[in-house]
Amino acid sequence: MLTLHQAGLTNTPAIAPLDGTIRPGELLAIVGPNGAGKSTLLSMLSGFRSAEQGELHLDGKPLRAWPITELANRRALVAQQELPGFDWQTDELLSLGSNPAKSLVAALLNDLDLTHLAKRSVLSLSGGERQRVMIARGACQLLSRCSPTAKEGGILLLDEPTSALDIGQQQRLMRQLRSWATQHHMAIVCVLHDLNLASTYADRVWLLNQGQRIDHGLPNQVLNPATIAKIYAAELQHIEGGTHGKPLLALAP
Amino acid sequence: MIALLNAYRYRMLIPVNRTTRVLAGLTAALLLALVWAAASGALGISPWEVLRGQEDPFSVQVWWQLRLPRLLLGVAVGAMLAGSGAAMQGLFRNPLADPTLLGLASGAGLFVAVWIVLFQDSGAGSLYGQFAAGFLGALCVCLIVFGIAKRQGGGSAAVMTLLLAGLAINTLAGAGGGVLAFIASDEQLRQLSLWGMGTLTNALWRTTALALVLIAAALWLLMRSARELDLLQLGEATAHAAGLDASHLKRRVVIATSLGVGICVALTGVIGFLGLLVPHCLRLWLGPGHRLLLPASMLGGALLLVVADTLARTVAAPAEIPVGLLTSLLGGPYFLYLLMRRNRAC
Numbered sequence: 001m002l003t004l005h006q007a008g009l010t011n012t013p014a015i016a017p018l019d020g021t022i023r024p025g026e027l028l029a030i031v032g033p034n035g036a037g038k039s040t041l042l043s044m045l046s047g048f049r050s051a052e053q054g055e056l057h058l059d060g061k062p063l064r065a066w067p068i069t070e071l072a073n074r075r076a077l078v079a080q081q082e083l084p085g086f087d088w089q090t091d092e093l094l095s096l097g098s099n100p101a102k103s104l105v106a107a108l109l110n111d112l113d114l115t116h117l118a119k120r121s122v123l124s125l126s127g128g129e130r131q132r133v134m135i136a137r138g139a140c141q142l143l144s145r146c147s148p149t150a151k152e153g154g155i156l157l158l159d160e161p162t163s164a165l166d167i168g169q170q171q172r173l174m175r176q177l178r179s180w181a182t183q184h185h186m187a188i189v190c191v192l193h194d195l196n197l198a199s200t201y202a203d204r205v206w207l208l209n210q211g212q213r214i215d216h217g218l219p220n221q222v223l224n225p226a227t228i229a230k231i232y233a234a235e236l237q238h239i240e241g242g243t244h245g246k247p248l249l250a251l252a253p
Numbered sequence: 001m002i003a004l005l006n007a008y009r010y011r012m013l014i015p016v017n018r019t020t021r022v023l024a025g026l027t028a029a030l031l032l033a034l035v036w037a038a039a040s041g042a043l044g045i046s047p048w049e050v051l052r053g054q055e056d057p058f059s060v061q062v063w064w065q066l067r068l069p070r071l072l073l074g075v076a077v078g079a080m081l082a083g084s085g086a087a088m089q090g091l092f093r094n095p096l097a098d099p100t101l102l103g104l105a106s107g108a109g110l111f112v113a114v115w116i117v118l119f120q121d122s123g124a125g126s127l128y129g130q131f132a133a134g135f136l137g138a139l140c141v142c143l144i145v146f147g148i149a150k151r152q153g154g155g156s157a158a159v160m161t162l163l164l165a166g167l168a169i170n171t172l173a174g175a176g177g178g179v180l181a182f183i184a185s186d187e188q189l190r191q192l193s194l195w196g197m198g199t200l201t202n203a204l205w206r207t208t209a210l211a212l213v214l215i216a217a218a219l220w221l222l223m224r225s226a227r228e229l230d231l232l233q234l235g236e237a238t239a240h241a242a243g244l245d246a247s248h249l250k251r252r253v254v255i256a257t258s259l260g261v262g263i264c265v266a267l268t269g270v271i272g273f274l275g276l277l278v279p280h281c282l283r284l285w286l287g288p289g290h291r292l293l294l295p296a297s298m299l300g301g302a303l304l305l306v307v308a309d310t311l312a313r314t315v316a317a318p319a320e321i322p323v324g325l326l327t328s329l330l331g332g333p334y335f336l337y338l339l340m341r342r343n344r345a346c
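Chains as they are written, first to last, in the UniProt record's numbering: chain C, 1 to 253; chain H, 1 to 346.
Please note that the accuracy of each hint is not assured.
Distance windows between CB atoms, simulated [claimed, not checked]:
hint	chain 1	residue 1	chain 2	residue 2	range
1	H	Ser185	C	Pro13	50 to 60 Å
2	C	Asn99	H	Glu49	17 to 27 Å
3	H	Arg291	C	Asp166	45 to 55 Å
4	C	Thr12	H	Thr27	47 to 57 Å
5	C	Pro67	H	Ser40	50 to 60 Å
6	H	Lys150	C	Asp87	42 to 52 Å
7	C	Leu123	H	Arg291	17 to 27 Å
8	C	Asp166	H	Thr27	18 to 28 Å
9	C	Ser124	H	Ala175	42 to 52 Å
10	C	Gln183	H	Met223	37 to 47 Å
11	C	Pro13	H	Lys150	27 to 37 Å
12	C	Ala226	H	Leu339	27 to 37 Å
13	C	Ser124	H	Val60	50 to 60 Å
Among chain H residues calculated to face chain C with C-beta under 8 Å, some are [to be verified]:
hint	residue
14	Asn202
15	Asp230
16	Met340
Chain C stretches covered by chain H per the calculated footprint, using a threshold of three residues with CB under 8 Å from any CB of chain H [said to hold, decoys possible]:
hint	region
17	74–86
18	164–176
19	193–207
20	223–237
Derived by calculation from the structure, the hints in this document are not laboratory data.
Glycine included, every Cβ here is placed at the ideal spot set by N, Cα and C.
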């Protein structure tokens, strides 16, 4: 469990102090317009940038007090599209940062529809395939280090995990994330641009604008068309009665 | 060699033993090369006869005092240059990084030349002075190059900037060397020009013993960084989350590389392109994982330099070609080829 107590960043890009709790088994979406500070917030949650105000606690202990190697057992980060420098094979890349059992690698490759690419060079994959490989690596880092019976499966931080995926892959990925969250008691934090994905799959949403979290809560509370249209400076049409009463937002022509 | 070929052919079938097989094969090849190198030279001396005490005293003297330290220095310098090339490529996440291309070697060379011309008193401290000057020169260039890399962030533009910075440093060091040659005395000039071409002729026990110890320490530091270099390939933020302290890793690799390369240059002058050529070829064959690539590069670099040096001192015997010329003749065209291939891919 990750808790924030008035945690924030003062140097640019800044994040205004915020409170919050990220619990095992939930899927939290962070949304907001370009430059709102979503990636910066994510790097603060991961400890890559340490909070300059307030405190973050992971499992009751300040984030900065954790040794960096132990922290790696409890949270993983998948940054935005970064190209590995060299010609790694997909299954080798999955094992970077942990020492996973072969069965785990195979299961994760299967989860993300990558089995046929296991022996391919990562540099030869398409953008969407590579993105799924990097997400699988993040999950692999957590799952190979946690015992399967652990009450908490760690925190997986994902920066725009669907940016290169087609709609079918988006759906499979979001469903997979949900299933990892429930099966392994993993907390999953996603920076998302697609508000409908956030609305459909997230348990809770944090809405960011200009370095401030301006709203947080259930998707149907936070993602209301009036606020969204204002913050994103977009003209929307609201379609009522999306799946299970969750809001659907579409651009006005 | 057969073990090598087999390891290659059955790469997929024997992933567990592959590391052992590859390293054993390379070690065997290196030992064979050493036996051949120990037996050939301007003076035909059989190492077996020497060890059994059946050669004449002069040959024994030559073998123990000249040839053996030279072989060992060749192994150490080859391993260091290729190993530091592999480590720097991992650190910059780019296959074109190399201690000669980025100017480390010429920076070290300039500092050593300054030491020879301005400070050397030909006393007992001169050797340590040369080592220290080489280390400082390489360290300065390393810090400059890192400063530039940090400003640029990632991406292919940054790589071009790095190579251009290396070019500028190489040019600057060349000009500095010219100035030094201008003000040097005749004796110093002779010393400078012999050393500057890149040769293992200076190998005497007096100089080699200390160099071997320091280079071994540098290699050990690099070997300890293998797993972390692998992690770094994920990008800094992701690698941090996977348990990597990147600044610690950088500091260690920079110190090991500067120390090792500085000492190599202080003793042998600039021997170019080993650090580019060897890791690159081995990566094509073994993949990018540093736990295998680093030791394999060290063995491969040692093998290549021992062979090149033996050729350099035998093809025109009793005259000797500077081995640095030989490696540059080999590595220069290869580098051009790499650049052309890269541009086509972009």
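Status of each hint after checking the structure:
Checked against the given bound of 50 to 60 Å, the beta carbons of serine 185 of chain H and proline 13 of chain C, roughly 59 Å apart, stay inside it. The given range of 17 to 27 Å is broken by asparagine 99 of chain C and glutamate 49 of chain H, whose C-beta atoms sit roughly 51 Å from each other. Under the hint 45 to 55 Å, the C-beta atoms of arginine 291 of chain H and aspartate 166 of chain C, about 36 Å apart, miss the expected range. Our hint of 47 to 57 Å for threonine 12 of chain C and threonine 27 of chain H holds, since their Cβ atoms are close to 53 Å apart.
The given range of 50 to 60 Å is respected by proline 67 of chain C and serine 40 of chain H, whose C-beta atoms sit roughly 54 Å from each other. For the pair lysine 150 of chain H and aspartate 87 of chain C, the supplied restraint of 42 to 52 Å is violated, since their beta-carbon distance comes to about 26 Å. The hint said 17 to 27 Å for the Cβ distance between leucine 123 of chain C and arginine 291 of chain H, and at roughly 20 Å that hint holds. For aspartate 166 of chain C and threonine 27 of chain H, the hinted distance range of 18 to 28 Å is not satisfied, since their beta carbons lie about 50 Å from each other.
A beta carbon spacing of about 44 Å between serine 124 of chain C and alanine 175 of chain H agrees with the range 42 to 52 Å that was offered as a hint. Judged by the Cβ atoms, the range 37 to 47 Å given for glutamine 183 of chain C and methionine 223 of chain H holds: they are separated by roughly 39 Å. In this structure, proline 13 of chain C and lysine 150 of chain H break the distance hint of 27 to 37 Å, their C-beta atoms being roughly 18 Å apart. Range check, alanine 226 of chain C to leucine 339 of chain H: Cβ separation about 56 Å, and the 27 to 37 Å hint is violated.
Between serine 124 of chain C and valine 60 of chain H the beta carbons are some 58 Å apart, a value that agrees with the proposed interval 50 to 60 Å. The interface hint given for asparagine 202 of chain H is broken, as the beta carbon of that residue sits about 36 Å from the closest beta carbon of chain C, more than 8 Å. Interface hint status for aspartate 230 of chain H: upheld, as the beta-carbon distance to the closest one in chain C is roughly 6 Å, under 8 Å. Look at methionine 340 of chain H: its Cβ only gets to about 19 Å from chain C, farther than 8 Å, so that hint breaks.
Counting residues of the region 74–86 of chain C whose C-beta sits closer than 8 Å to any C-beta of chain H gives 9, which meets the bar of three, so the coverage hint holds. Using a Cβ-Cβ cut-off of 8 Å, 0 residues of the region 164–176 of chain C lie near chain H, which falls short of the minimum of three, so the contact claim is violated. With a threshold of 8 Å between beta carbons, the proposed coverage of the region 193–207 of chain C by chain H is violated, since 0 of its residues qualify and at least three are required. Restraint check on the region 223–237 of chain C versus chain H: 0 residues with Cβ-Cβ distances below 8 Å, three needed, restraint violated.
Hints 2, 3, 6, 8, 11, 12, 14, 16, 18, 19 and 20 from the earlier list are contradicted by this structure; the remaining hints agree with it.
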